[in-house]
Amino acid sequence: MQQLTVIVPPSIRPYVGGQSRITVEAQTVREALGAMSAKSAQLKEHLFDSKGEINRFVRIFVNGRPVPLGSRGDEAVENGAEIAVVLALAGG
Amino acid sequence: MLRQERLSRLRESLSRISVEEARRKQKAGVKLIDIRDAEETAKGSPVGAVRISRSFLELQIENVAPDADTELMVLCASDTRALFAADDLNRLGYSSVHWVDGGFQAWEAAGLPVEKHRQLSPAEKERYARHLSIPEVGAEGQALLLSKKVALVGAGGLGSPLAFYLAAAGIGTLGLIDSDRLERSNLQRQILHTDDRIGELKVSSAAKSLQAFNPDVALNLHEIRLNENNALEILADYDLVIDGSDNLATRYVVSDASTLLSIPMIYGAIFRFEGHVSAFWPNGPSGGPCYRCLFPEKLPASLTPSCSEVGVLGVLPGVIGTIMATEAIKILLGIGDPLIGRLLTYNALDCSFHDLEVPANPHCEQCQSNRDLPRMRAGL
Ligand SMILES: [Zn+2]
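Protein chains in written order, with UniProt numbering: chain A, 1 to 92; chain B, 1 to 380.
Since the hints were made in silico from the structure, they are not lab data.
One or more hints might be untrue.
Claimed, not checked - Just a few of them, taken from the derived set where beta-carbon distance is under 7 Å, the chain A residues facing chain B:
1) F57
2) G64
3) L69
4) R72
5) A76
6) G80
7) A81
8) L87
9) L89
10) G91
Virtual Cβ for every residue (Gly too), placed ideally from N, Cα, C.
Pulled out of the complex, with its shape left as it was, chain A reads as follows:
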């Protein structure tokens, strides 16, 4: 199984043991988010809505390129890809 790196935004890091980067085994963005939130129902709720769509306040970039809004994240991702999950930051 191929491995992907997920860059975790600070506000959801507590759900992944405080890690800013985690390695997951996945073929797609959706699988990567699923693997990342497998152990936390709360994190799953932050990432996906009740219909299983990726929440619109969660922005995802694969190797710096955006996953379009409204995508379910089913696009295949190449081995070793870096998936950046980006949430708004409020502070200033």
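We have chain A; now place chain B with the ligand onto it with these hints.
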């Protein structure tokens, strides 16, 4: 009348063009040199003309036209100085020089486009000397900065380096928008303020620091919290707005207002060791997204702790704020490759930057709607 004799000889022998022809040639890329003195060109000069005073012409023309074959057009107030200057350029070796008949007076009378250039005072030349030496800024760029009005939302962590560096750069007018008062816990990062001003309004503390730092910068103090009802009126006056606020609602308000006003917005935000920077100008020359294209839906409150709740490394707003100030100056000068359509993220702990591509959302109701004019929305 030796002068008259020489002039009529030059009139016969040199290549004469009308102001209309000069404008046509200029559009085709031929350089138009305005050889009048600085005091004259200060009141207006043909748009796009190169201004080299007659007394420096022989010394500086090679910077503009290194090649003696370069076609040149010379313009003065009417035509006397242009004739002598064209003659001199011929002698210097330039083979294709035209004098513009009627000069700037005829140019204006023909209704051709004119631009005004602010002249730098001796004190300004000294203060901004290091900018003047950079070709990308130079005297014209500095004059441009001195003519610009920039609104700064928030005079806190990000606002501190922003305000200092924008004032240092000679932005003509800085508008400071903040309704908070200074607290001791702000001083771990908000370098614009001082210990003896705790309890003061941040905008008045900021004004004291900036006045002392660069007294030439005009300051507009807006002791108010920006919202969807007041943003358009407050920001209407400015050329660019910088979002250094500390909450998401204000960020949406700044984005909507800047989109409606067609002014660029510089965005920055911070959290503990991490920061974001981007620039939004959906109806600017290169298009691109607005803040709502990036974050169409507001982050739930459970995921939105503020600096006061989660803390922030004191130097972090320094890093992010100075990148924001750089982007603002680049956009004002029209130089380089701005962060439009890109989100720069920074993690101080591993010192990593990510440059993420952010396209406009074709369905964005705020910046891409062609149905009817978008309106200001509540900051949600
Ligand atoms: Zn938009």
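>> Going through the numbered hints above, which ones does this structure break? Give me the numbers in ascending order.
In response: As far as the earlier hints go, 4, 5, 6 and 7 are violated by this structure, in ascending order.
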